[in-house]
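> For reference, the chains in residue letters:
Number of protein chains: 2
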Amino acid sequence: MCDETNMTEAGTERDRGENTSKSVCVYDCRPDSSAAPGRTLDFTNMDYNGFLQALRQEFSLSTNETFVISTTDRKEIDEELYKGLVDGKTLQLLKSVDQELPMAIQERIEYLPHYHTLVQCGMYEYYASEGQKALPYAFAELVDNALSATGKNTGIRRIEIRLLFDESQGGPAVAVLDNGCGMTSKQLNNWAVYRLSKFIRENDMFHSEKPGYVRPSPVPRSLNSDISYFGVGGKQAVFYIGQSVRMISKPAGSPDVHEFVMSKDDFERKELKKENIYSGFIRNRKPGDCSHVNVSNEQFLQSIVIEEDGKESFTAVVITGIHPEHVTYLKQYFPLWTRELAHTYHYYIHGADGKDTREMRKTGNFSNIDIQISLFERSTRIPRVVNLRDVNNDMQTLYVSSSASTFEFKATGARDSLVEGLIRYHPFLYDQETYPVDPYAASAGPSEEEDDDCIVLNPEGRGKRPIFECFWNGRLIPYTSVSEFEWCKRPKKAGALPFECYNRISGVLFANDRFQVSTNKLTFMDLELQLRDKDTIFTRVNNGQEQRVKIEREFTSWLKECHERFDKQVMFQGFQGVTTREDV
Amino acid sequence: MCDETNMTEAGTERDRGENTSKSVCVYDCRPDSSAAPGRTLDFTNMDYNGFLQALRQEFSLSTNETFVISTTDRKEIDEELYKGLVDGKTLQLLKSVDQELPMAIQERIEYLPHYHTLVQCGMYEYYASEGQKALPYAFAELVDNALSATGKNTGIRRIEIRLLFDESQGGPAVAVLDNGCGMTSKQLNNWAVYRLSKFIRENDMFHSEKPGYVRPSPVPRSLNSDISYFGVGGKQAVFYIGQSVRMISKPAGSPDVHEFVMSKDDFERKELKKENIYSGFIRNRKPGDCSHVNVSNEQFLQSIVIEEDGKESFTAVVITGIHPEHVTYLKQYFPLWTRELAHTYHYYIHGADGKDTREMRKTGNFSNIDIQISLFERSTRIPRVVNLRDVNNDMQTLYVSSSASTFEFKATGARDSLVEGLIRYHPFLYDQETYPVDPYAASAGPSEEEDDDCIVLNPEGRGKRPIFECFWNGRLIPYTSVSEFEWCKRPKKAGALPFECYNRISGVLFANDRFQVSTNKLTFMDLELQLRDKDTIFTRVNNGQEQRVKIEREFTSWLKECHERFDKQVMFQGFQGVTTREDV
Ligand SMILES: Nc1ncnc2c1ncn2[C@@H]1O[C@H](COP(=O)(O)OP(=O)(O)OP(=O)(O)O)[C@@H](O)[C@H]1O
Ligand SMILES: Nc1ncnc2c1ncn2[C@@H]1O[C@H](COP(=O)(O)OP(=O)(O)OP(=O)(O)O)[C@@H](O)[C@H]1O
Ligand SMILES: [Mg+2]
Ligand SMILES: [Mg+2]
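From first to last, the protein sequence lines are chains H and E.
All the letters of the first sequence, read from the start, carry residue numbers 1 to 584 under the numbering used here.
All the letters of the second sequence, read from the start, carry residue numbers 1 to 584 under the numbering used here.
Rather than coming from a laboratory, the hints here were simulated on the basis of the structure.
Examples of chain E residues lying across from chain H (beta carbon under 8 angstroms, computed):
#1 H116
#2 S185
#3 V193
#4 P255
#5 F281
Stretches of chain E that chain H covers, calculated by requiring three or more beta carbons in the stretch to come under 8 angstroms of a beta carbon on chain H:
#6 70-77
#7 86-100
#8 287-297
Pairs of lysine-lysine, DSS-like flavour, derived with a Cα cap of 25 angstroms:
#9 K75/H to K152/E
#10 K331/H to K534/E
#11 K152/H to K75/E
#12 K198/E to K152/E
#13 K311/H to K95/E
#14 K75/H to K286/E
#15 K464/H to K489/E
#16 K75/E to K198/H
Remember, it's a predicted structure, so these values are computed and weren't measured experimentally.
All C-beta atoms in this analysis are idealised placements derived from N, C-alpha and C, irrespective of residue type, glycine included.
Construct the entire structure; sequences and hints are all you get.
What follows is the structure, encoded as structure tokens:
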């Protein structure tokens, strides 16, 4: 009987070496044979005739009996095909090559996911309608991981993105560094396992413990730093950005640094050599030991390793093989994509109330998260550095900073699902709407009629744009927005309020982890669906107090108050008659 | 030195059996030791003391020397941890548990993708803004595969989707059947390999041949049936729809049927038993042999197997463990989602010119593709059956059937990229626009002002909707649309033509395989980007002839002609005065 446990995951692809033993599993499928397990036939070092001989013997075939030995795809193993026969194949012994099978036979197969599972996982997932905008969201996956890792830091949480584009230093490379908890070698191993999410992971090498995920307790706006979900983000991001990643990590409390490289080249090499695709080596070493770094063409790496000394714990994700078009984009649109990141993590960086540029000093609203991005182009040039906290023109900053009043609410549903929401009022002041316009948006400017040459900035406030941007566990999910709810929708019939007031509101929804997002974290799966559920209850929140009142009435009266208190229209009083200027 | 080739892909997770041999790889990391490879230490059947003994011996440790043997995560292997020590681990011999490593050591790790790679691959990929609409696109992946497989059929290409919801027959199950080329056992094995696309596949068991993908030659509208690209579609679709799939296939020219089951339960069982995750069995049997079918609870399967007799070749994809909400949706929205499929494959089903309901007989435009969907609910009830050819209200049918004239063009770019395009004119007739409205669209009806209670059907034609729906290799990519091109855009200044004419056009773009789509085939990656490239050339096509003329002028004059010939407005002539009816 064929020894099935003898086969390995990598399967028959592997053992093509000459002196390893080779066997096939042969089923007797001649018309009158009865169901029996396949038999192992060792053909190590045999020539074709020897193989036939062994076959005859195993199945007691008389010399004058005609038979055919074939693959399960009915290819007769003739002398030519025999040369290519590999270990572990299932074969069938037949009377004739096209006879019916008298009974069903089992053929063992191996179907390891192809390494493109890892290498290409990001390629087609971070698509955006027009390609380029995807890059900030790939970086966001790495920032997510750094935020998770630094979640328990007591001091500052430092996250750094370094664009190491200086070719004299071995660039281009991209490094994302954090001073978080780091990874043990087992955790680093787990990092490499595609789709091994924290919910199903065993962190201990001895598997004695059950997966130990503990859901974080609720915090305002779900800023819980718990933004890892699928076990794919880091890999997708890394292989979207480049072709190779070096993970370097030191877990707190350990004297060792663990280092692991995963690269497209490596996978290709292993495939070519028929080696195990998903086997590799972690390098365990002392901090600062860069004996393995190629000094001549990886100077940037040397710098990173040297910096390790004295750090209690950290993780560095070093990406190389950066796709050239990304290098171009990252340089050219530096302000654009850093601003997008500032927007994505606005409430992590600035705290639950966001950034109000009108306030001179920070008020209570403190965050210890420091996300810095630096671009190194030439060693002689000062790097371009931006701390995301200093970005002043991301949309959330613009919304917060032009808001005259805020209406807070809460939507609670089944299974602890919670959305905290707020609506801000951007009044009309003197001669214009103050509803902020996205300075970079293609559709900035009038969305309606473009016939006149005279373009008024933002003449209609929000216009037809959706009211709500949506955050999940505190971070922006960029491609999902919610237009409105029934209770904050412009009514059909004119009421006490001018219609324009409904165009002066912007909003934010903070969903907790009971809502699902897609694996690329670009869209929610079921936010609107859940919110429209009849069991979802909306309540107003006023000074932190929930109020079980009719939200529509509350909202309308808030909006009315905003209109009356904040909208200021220039009025011409004391009309004196018309004078026509002749001089213009 | 540790024998690295001895390790298997599944790694150390597997061999927990008692009588297999166990060894660890130990590095001497004591402060003064010099860099040396790790040594293999066999600890089969040893107790803790025996292990320590063997260790002392291997490294010539004197009895009074103190040492620590630890994991690479610095956990000391004490008597307790020793019990859980598994084969293949890397350990380090230290002087003290927190001493520095004198040199770097290599730790072999395994990082097979978790089986969620397969089981969850569809879950988060077929998201649509509101969840439900994704199901037709999961089916589309299976139809894509069936179209590819039947591409070389000489007779009819029959594709069947059966919803087997009759519980007395063992349902719910979903089966997708085609009479295509089928799969050999090797091809069936390849089917199971995630991300193994046709471009990198070796179809022959002996690997002697190079991957042999041949790009199909150009055909009108790229209806080339070559819609497989990433090696993920089938798996994503199947695990989005249910939890288990049975692939049954008979390749042309072979007497055998090959059958393979992949299921979530199976993966879970293998993980629990520490078996190889990506190993399985193909069942090879004669057609109609259902000895393996559980007659009491899989009657639907028995019927499918019995049908096999006499078929030259076929493939059946049988999905079970259907998510209950899908069953509900598929029943409840039967017309909606079948219509969506009719739309997706409109040009495959009806030929390059599409379906014109105004024509009584089919004209030249023949297609041998037959896609039928049947819903079985109760054995006593007649199944609900729709042939996609008979669907009359999918958007493309509506567009084709209300078109008065067509403007054809072509966009060619670098690397053979080709988009065939057409614009249709939907005239104003008497008292209304004939531009079709999506009968199911949420936003059907006036998009502008909703204040009046009186709703006029489609008062503004296309309105602000994009002009172009986009097809890739002939099938719809549903989430990508192209608004307009410079040359067919409504001009800023009024010209000879009324502005409304620009709202009377709809369009289709047929992109070839030089354009990229996302893995879920829901969006194009770079269609607009490539089309906006300065090297892309637009030419008008008139009666199959390309015309190198200025396309904008051509288009405008076509539009003008359409307006003059087809728009018919009711005019009141010979005004006689006003009469007020008193009787209403
Ligand atoms: N900077 C880091 N510091 C510490 N651990 C990290 C870091 N980055 C990744 N990890 C570990 O590696 C695991 C895998 O990361 P990856 O981003 O690939 O998936 P994930 O975060 O688990 O899920 P998601 O798909 O939502 O990103 C993480 O769960 C975490 O345990
Ligand atoms: N109905 C079928 N008939 C014959 N072969 C099939 C059928 N369905 C799938 N296959 C084979 O299995 C392979 C894998 O199918 P799958 O849909 O998972 O990926 P793909 O079609 O290669 O790529 P994509 O991700 O674009 O769908 C196909 O390439 C094809 O060779
Ligand atoms: Mg992550
Ligand atoms: Mg496919």
